[in-house]
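Build the complex from these two chains, which are given one at a time in their own frames, with help from the hints.
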Amino acid sequence: MKRSLRRSTFILLFTIAFIIGISFFMVELVLNADKWVNPENPPYPANQHIYRENGLAEAGKITDRNGLVLADNDENGRVYNEDETVRRALMHTVGDSSTNISTAVQSKYRADLNGYSLIWGMNIPESMRTSRDIALTVDTETCTAAYNMLKHGFEEPKRGACVIYNYKTGEVICSVSTPEYDPNDPPVITEENQDEYDGVYLDNVLSSTYTPGSVFKIVTAAAALEYIPDIYTRTWTCTGSKDIGGHDINCVNGEVHGTINLKQAMEESCNIVFAELAVELGPEKMTATANKMGINMRFDVDDLQTAKGHYNAEGADDNALAWTGVGQGFGEYEDKVNPMQMAILCGSIANGGTAKSATYIKDGADDLLKNIGIKQVKEYSLVDSDIAQKLKDVMPSYKIAGLDIRAKTGTAEVGNGKGNNAWFVGYALNDDCPLAFACVVEDAGFGNTYARPVVEAALETATNNLRGKM
Amino acid sequence: MDLSVITDAGVIGLRVLMPFFAIIIVYQCYAAMRRRRRPEKPLVSLYNPNSGGMIPVVFWENSIGRSKSSDIVINDLSVSRNHCVLLRRKAGWFVSDVGSVTGTYVNGVRIHGRAQVLIDDIITVGSTEYQLKRGDDFNSPLRSSKFFSKVSDKPAIQAWKLMFMITLFHLFMAVEAMFWNEGKNVYSPLILFGALAVVEWGFFSVSYFALRRVNFELEALGLFLTGIGVFMLVRQVERSAYTQLIAAGLGIVLYCVIVKFIEDPDKVQKIRIPMMIVSVVLLASSILLGGVINGAANWVTFGSISFQPSELVKTIFIFVGASPLDKLQTKRNLIEFIIYSAVCVALLALMSDFGTALIFFVTFLLVVFMRSGDIKTILLPVAAVVGAFFSMRFLASIIPAIQNRFNYVLARFGTYRHVWDDPQGGGWQQAQALTYIASGGLFGVGIGNGYFKTIPESESDCVFALISEEMGIILAIVIALAVALLIVYARAITTRSRSTFYSITACCAAGLLLVQLSLNVFGCTDILPFTGVTFPFISAGGSSMISCWGLLAFIKAADERTYSIKR
Numbered sequence: 023m024k025r026s027l028r029r030s031t032f033i034l035l036f037t038i039a040f041i042i043g044i045s046f047f048m049v050e051l052v053l054n055a056d057k058w059v060n061p062e063n064p065p066y067p068a069n070q071h072i073y074r075e076n077g078l079a080e081a082g083k084i085t086d087r088n089g090l091v092l093a094d095n096d097e098n099g100r101v102y103n104e105d106e107t108v109r110r111a112l113m114h115t116v117g118d119s120s121t122n123i124s125t126a127v128q129s130k131y132r133a134d135l136n137g138y139s140l141i142w143g144m145n146i147p148e149s150m151r152t153s154r155d156i157a158l159t160v161d162t163e164t165c166t167a168a169y170n171m172l173k174h175g176f177e178e179p180k181r182g183a184c185v186i187y188n189y190k191t192g193e194v195i196c197s198v199s200t201p202e203y204d205p206n207d208p209p210v211i212t213e214e215n216q217d218e219y220d221g222v223y224l225d226n227v228l229s230s231t232y233t234p235g236s237v238f239k240i241v242t243a244a245a246a247l248e249y250i251p252d253i254y255t256r257t258w259t260c261t262g263s264k265d266i267g268g269h270d271i272n273c274v275n276g277e278v279h280g281t282i283n284l285k286q287a288m289e290e291s292c293n294i295v296f297a298e299l300a301v302e303l304g305p306e307k308m309t310a311t312a313n314k315m316g317i318n319m320r321f322d323v324d325d326l327q328t329a330k331g332h333y334n335a336e337g338a339d340d341n342a343l344a345w346t347g348v349g350q351g352f353g354e355y356e357d358k359v360n361p362m363q364m365a366i367l368c369g370s371i372a373n374g375g376t377a378k379s380a381t382y383i384k385d386g387a388d389d390l391l392k393n394i395g396i397k398q399v400k401e402y403s404l405v406d407s408d409i410a411q412k413l414k415d416v417m418p419s420y421k422i423a424g425l426d427i428r429a430k431t432g433t434a435e436v437g438n439g440k441g442n443n444a445w446f447v448g449y450a451l452n453d454d455c456p457l458a459f460a461c462v463v464e465d466a467g468f469g470n471t472y473a474r475p476v477v478e479a480a481l482e483t484a485t486n487n488l489r490g491k492m
Numbered sequence: 079m080d081l082s083v084i085t086d087a088g089v090i091g092l093r094v095l096m097p098f099f100a101i102i103i104v105y106q107c108y109a110a111m112r113r114r115r116r117p118e119k120p121l122v123s124l125y126n127p128n129s130g131g132m133i134p135v136v137f138w139e140n141s142i143g144r145s146k147s148s149d150i151v152i153n154d155l156s157v158s159r160n161h162c163v164l165l166r167r168k169a170g171w172f173v174s175d176v177g178s179v180t181g182t183y184v185n186g187v188r189i190h191g192r193a194q195v196l197i198d199d200i201i202t203v204g205s206t207e208y209q210l211k212r213g214d215d216f217n218s219p220l221r222s223s224k225f226f227s228k229v230s231d232k233p234a235i236q237a238w239k240l241m242f243m244i245t246l247f248h249l250f251m252a253v254e255a256m257f258w259n260e261g262k263n264v265y266s267p268l269i270l271f272g273a274l275a276v277v278e279w280g281f282f283s284v285s286y287f288a289l290r291r292v293n294f295e296l297e298a299l300g301l302f303l304t305g306i307g308v309f310m311l312v313r314q315v316e317r318s319a320y321t322q323l324i325a326a327g328l329g330i331v332l333y334c335v336i337v338k339f340i341e342d343p344d345k346v347q348k349i350r351i352p353m354m355i356v357s358v359v360l361l362a363s364s365i366l367l368g369g370v371i372n373g374a375a376n377w378v379t380f381g382s383i384s385f386q387p388s389e390l391v392k393t394i395f396i397f398v399g400a401s402p403l404d405k406l407q408t409k410r411n412l413i414e415f416i417i418y419s420a421v422c423v424a425l426l427a428l429m430s431d432f433g434t435a436l437i438f439f440v441t442f443l444l445v446v447f448m449r450s451g452d453i454k455t456i457l458l459p460v461a462a463v464v465g466a467f468f469s470m471r472f473l474a475s476i477i478p479a480i481q482n483r484f485n486y487v488l489a490r491f492g493t494y495r496h497v498w499d500d501p502q503g504g505g506w507q508q509a510q511a512l513t514y515i516a517s518g519g520l521f522g523v524g525i526g527n528g529y530f531k532t533i534p535e536s537e538s539d540c541v542f543a544l545i546s547e548e549m550g551i552i553l554a555i556v557i558a559l560a561v562a563l564l565i566v567y568a569r570a571i572t573t574r575s576r577s578t579f580y581s582i583t584a585c586c587a588a589g590l591l592l593v594q595l596s597l598n599v600f601g602c603t604d605i606l607p608f609t610g611v612t613f614p615f616i617s618a619g620g621s622s623m624i625s626c627w628g629l630l631a632f633i634k635a636a637d638e639r640t641y642s643i644k645r
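Going down the list, the sequences are from chains G and S.
In terms of the working numbering, the first sequence opens at residue 23 and continues consecutively.
In terms of the working numbering, the second sequence opens at residue 79 and continues consecutively.
Possibly wrong hints are sitting among the right ones.
Below, computed lysine-lysine pairings styled on DSSO-like, alpha-carbon distance capped at 30 Å [stated by the list, open to error]:
#1 LYS24/G to LYS405/S
#2 LYS24/G to LYS644/S
#3 LYS24/G to LYS345/S
#4 LYS262/S to LYS24/G
#5 LYS531/S to LYS57/G
Derived from the structure by calculation, the hints contain no laboratory data.
Next comes chain S alone, as it looks inside the complex (with noise of 0.2 Å):
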């Protein structure tokens, strides 16, 4: 047996492994995530000297009222559905009247907007009267959620121990790129590799000795899947890798900004009004300098470099429509936010980039209804959306100088589930796509060992099935769950978010990369109609990169380890 024989089977066998190996490091990211948290404790507790009953108060931010919904019902006809919320706040608790009927009262004094509370401080609701106590004068044990039912003051993995596996992974990826086919170059992926490391434990090391953050799983994960991303472009183009290298870089920087920006949440609300003009701006910009790339025109360049500003427009795009619990409940009006959306998407779709229009559209849904709860603020813009489709369609047929633009936007749905019907044609990528999954099989052919990759956008539109040919299947279905689950991390951490922003920007955030990957993988397997979004964290371009490590902020910023405990 000569050594060929050996190193085909270790290359082999790395293929194998890798999937599962995946699998361990995602499920020990989510893992961490619910592991180290306090245990479910009342913060404080409001105390009836008249009833003798004592209510535990378990979150930052608590709607009180006789609505059933809010979070201390309070059945007495002279309080109103939602009276007031008592918050905490750096500086400590505070209580704020959200247009209530018969008023707030703190030690029997009116209360206008906040005012701060002190324990033993009486609050007076309608005609109940409480008295803030702290959170251990309540006894009685409280049910934890079922994702935070094993909180433990160990963590799940140490952080360290986290990394050391994700760039053991990326090794393994650079190790397989090395045994490629063609043969050519066979020591650049190590030098990628070294890279990556630096910027993966340069990133650590700050979080970890300069923020002392004690949690890293998130942006463990994140760094997870860039590498996948990085590395998936080695045998490609290789200097687009540092490109992708760089811009995550920028996207590490952008995220670090923007969770020390939003530390506060109230302040943040005061610059919501700049940050939508930025915004229009932003967009405006591309379509008076942009080029037209693919059909859409939303590219802007400065010299060698080019960027989309529709991508940095939506980490502004999460957080300008939300606010905390008492601005919520005091201002309902979303018409602002709601004429700000239909700007932003009716420019998108005037550069024809009906792909990050629809994202835009869905993550306005979600934080519509994130805030008023109301199904009826969704099916109305759906219905003006439908309706505006087909206002376009009539008016297609009757001026001729818009129906060439229709008519690009039906021709890509036009061969929507019959790619095999015009394989060569209107279905080409997307029949590709599907030829090259298939030749993957379970574990892939190889890093550089595929076809796919000669096919245009393989590396962003249809980074899915380069990545099920190259790495397999199993892998890709991993990194695209990877994705998924952080709406259901976001959504656990609602209720321990330090503010109603934090929960609603999170869920948001991780709905919109949902959207965007579930129009990435369904786009390119046909299960959708094909709308060339990238796939977060994965697909090659700087922006989408950068605009992807900044809606994960606002994750991270859900979380209230991120700013209440320091190592």
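Pulled out of the complex, with its shape left as it was, chain G reads as follows (with noise of 0.2 Å):
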């Protein structure tokens, strides 16, 4: 008998293993378990304590920056805003009660604005209940502005973005994505209304990208500044038209622009100067000086990620390579840019070469900024600081609701018979607003016309809200 006691240790081990395995699952609980609550990778509606129908009975209110509010629970559920105009300009940064814009305040944090905790898990007895209130950056009265100008301002509404962020603090001020639709009626999306709604779900601020155009020379102005000695006293001579490579390089409509220096070609947006130093720079430098810039990079806003850009000129031809340095690269040499990139890019010129992260939230209680990972905020160096400083005198300047602005316009052609893109992106200079912004309408035409129109009237409100409530 005393050998089967002797032998029956080795089934003991089995206990001992078990109970090994047992403390290691709880150390991976205590680890993981708000990850496994709500798991983003990829992001889809596991958990029907959070997802299902009703599922944001138990969140808290979400408000702009100045308490405004744009979102609450009543005793019939979800109610938004009262104003249509607000509840549709700020859809795809609150947004609705699905988690169809995935992207939105209310989908991507939906756990937390629920209580999770580790203990109570998604039962938190109410009494226990922290607030779970958040309150976002966002200037409720300039993202209107904004909308009303993308949606009213023009013949027709047009589709498009407009952002515009804070660079020294990181704070997104104005986020506005058209298509859009009212959150208290949301479309049911048939065959008849697809083209109208397309992309609707989309936040066309983080989440999209588009072709450049002229927007993109700020990037070409930075390798010249950075690798070209004599750019200053170089002069070019512009007769609207120029073969490079064996093809034509156009400047928009022909118009010749004549004998110009660096900031006079920013300033008439002259595609054959851009070209031209595109090709003196060649593929390597171009693309090295574009992968600095972040245009090939995700960058981090809250704890999702922007769409990631485009610009890969190396073993381009000449020709090629020369509409790459204009913002017009086709093919495998495409560029694309998304709107909060070109903001953050800006930024960073505007700072000294870095800027702040972009954030959408501004307060909550402290449980629930610890879970959505809001106080961890970058940095990133974009420009080197002497190239931001040689940037900020050849870009061209504006004067927008009495503020300081460096901004380019731009047009980018895109095919398929729909109109030009037009770009307004640009930073402004002043202490007491430093704000850096992006606009991109779609089908539209001149960055001029339609983009600045609509960066106008959002800095405008900005201005006026930012410097009566600083």
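Quick look at the structure:
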């Protein structure tokens, strides 16, 4: 019998192994529970506690930076701001009661808005709940100003995106994406209306990329300022068209700019100058500069990432390279940028080369902020500080809402019988309004005609509100 | 403050208290197992008239020999390493020669096989003589094992009090289930509770009044777990809660039958061969008649009743490999058991029931080790299985016919530790399990308020996650430990068993339950590959429930009090 006892120790090892296994699982649980509760890779509605039909029943209130309530619960469930324009302008930021808009606050932080704790799981007793309210950084009036311009400022409602953010703090002041719908009345998308609502769930500010056109000249100019020592003393002669690498490069509408220097070329947006610069710099230096400036990068925005732009001229012939230099690269050398990315890039130029990562979250209970990782502010260093200073000198100046603005317009050809994408990206140099912006209007025309008015309307309101309330 | 706030507070208070109540119940069950035992005293003693020395005989079966690991060591070169076995049976004390060179003599007569010895008889082993004396003749105190350090005549808790606590726990579960969010069929858990209470107290009464047994803690633990499993179903598929309860009733009957049936360890030996044949036939029948469920063809259906023969074979498998000490030492050849096990495992592999095959294989290793104590006898089968796997892989690469079957097995391993790479495909069940375990927190969202119950197999293969979500991770771990600790108990009573037959069966039954538990818990939490086996006593499934009670019977039988103490 003693032998049996000794041998049974072998079986006891199984119990010990089991206890070790359980302990291992407990450690895994404690470390990963908040990720498991609402898995994000890939984002899909897995947890019925959160994504059931009435999944926002326990959610807190969402306000803008001034405390204006954008979404809240009453006895009938989730209610949104009473003004339809406000609801529509902020629809991609706040989200609706579904999770169709995956980048919206109500979708990505749904678990946190509901309240989750390791101890209580998804079932925190009402009396123990800390505030689940969340304050966003956006300024509602600025958003509606931009939205009204996109929607009603032109001959027809325009698709597009407009983002303004504070490059010193990272706070996003304005973020508008169209097309949109009223979160109080989400459309049922059918075959008939699918064209109208095409891409409606996508937040163009964060998740879309566009051909940049002339706004890409900022990157080409940065490369020229870095690698060509006598760039300031040079002049070019523009005759409206020039054969580079076997095909013509044209200025928009065949405009002739005459003899111009770099600053003038930037102001006139002369394609020939930047095409020649791109060819002179060569694919490696162009690609290196684009990489450094984050064109091929995703930017962290809270716990999301922006869509990735595209620039790669390696192996391109002179003509293709020339087109990439003016933001009109095609085929495998296509140029693509994301609006938020452009705003951050502009912010970093304004801020001496580095910019804060953008955030939509202004305030909330500590637990909530901790869960959504708001405290991890990143800095992106995209431009050397001397190049940033030089870019400020060569970029066109504007005066908008009394602000000292440096900005670049863009008119990007997209083909397919669609009108050009109008761009306006830039930044204010004023210390009390350190704003960077990017606006794109699809199927429009000149950046100056379509994108600039949207930014002007938004900056006008933003400046008033920020100056009035800061 | 309106009434709903008070009921809310009450339900939440209940939810928080339940895990701690469960801890108390499990503790009381195990505490009761340690108490009410005979104190560590020799059963008889051996008096050496030449040296005047007295040797205490403390076990029911004692190996005598020169080997240091013998229970009674004799340093005499004329004694074989394993000389004879002194054992106690109902009829008295016997000595059995186990192939010694010089022979064993009782009162000067050489014995063959077993021979009875009476008090004051002389047993001669080699050149050493012993006289059998009463245990009381040995006066020095003996050191007791840790588990039984606090033996006392008084029970840790009266059996009926323990049963009352368990019934109360199940009542609390019923109350909690009444306040579920959906709000339909509010009172149906109470009806189920009534049925459960009838089974629980019915079994208790039979054991206490009809069988006159003093101890009920092992059964109480089984009932406690069974009840939890039943109540996890009441808000999922209410009908299967009753099926589960009926299966538990059948399991309890099987439990009583087995405990009675193996009362005489020598008689059981005679029916080993027929039982082996029965079990192989059962397994083979499920290949011939079986339907394929979840990729494993291990079900046999008669009309509206379907069962898994492999579950019943588990109980046979346990005792076929065990035998009393003298048989163990004379018949050391394991070939019969090895062939039998290989056939069982092969049949299960043919059915693609790899989870059960693995359980059988590990249990086989346990039995072999408990019998031989030889690490080589374990390494060899492990090497054989690994070899079989690689040769299968080789065959699968050249024969397309078995490729599909093989790929099905590999697919289960493919997502192992990578469930989040494919949370909607191969890793779906485990990813959902983890999501809902985390959603439950420490105390759960309440019975019926979970969403994991909508996932297929949540009530069986992934029941750990179901309990974690609805009743909290603390309770889930407490009941897992309640099963895992059965090994500690089975091991502690090893030397207090009436025969090595019982100690081997008890340890292996507890080991089997633990292996099954580990595969279930760690499979659904992605600590081990997902094999789809049941959580003992908790998972929905009639066959599994019956076999768990059958296995528990072996642990009960190993406790010497089961047969020797009557109320």
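Hints, verified against the model:
Between the alpha carbons of LYS24/G and LYS405/S the distance comes to roughly 16 Å, so the proposed pair stays at or under 30 Å and holds. In summary, the hint linking LYS24/G to LYS644/S is supported, as the alpha carbons are separated by about 27 Å, within the 30 Å threshold. Straight-line distance between C-alpha atoms of LYS24/G and LYS345/S comes to about 24 Å, which keeps the hinted pair within the 30 Å bound. Straight-line distance between C-alpha atoms of LYS262/S and LYS24/G comes to about 58 Å, which puts the hinted pair past the 30 Å bound.
Between the alpha carbons of LYS531/S and LYS57/G the distance comes to roughly 21 Å, so the proposed pair stays at or under 30 Å and holds.
Consistency note: the structure conflicts with earlier hint 4 alone.
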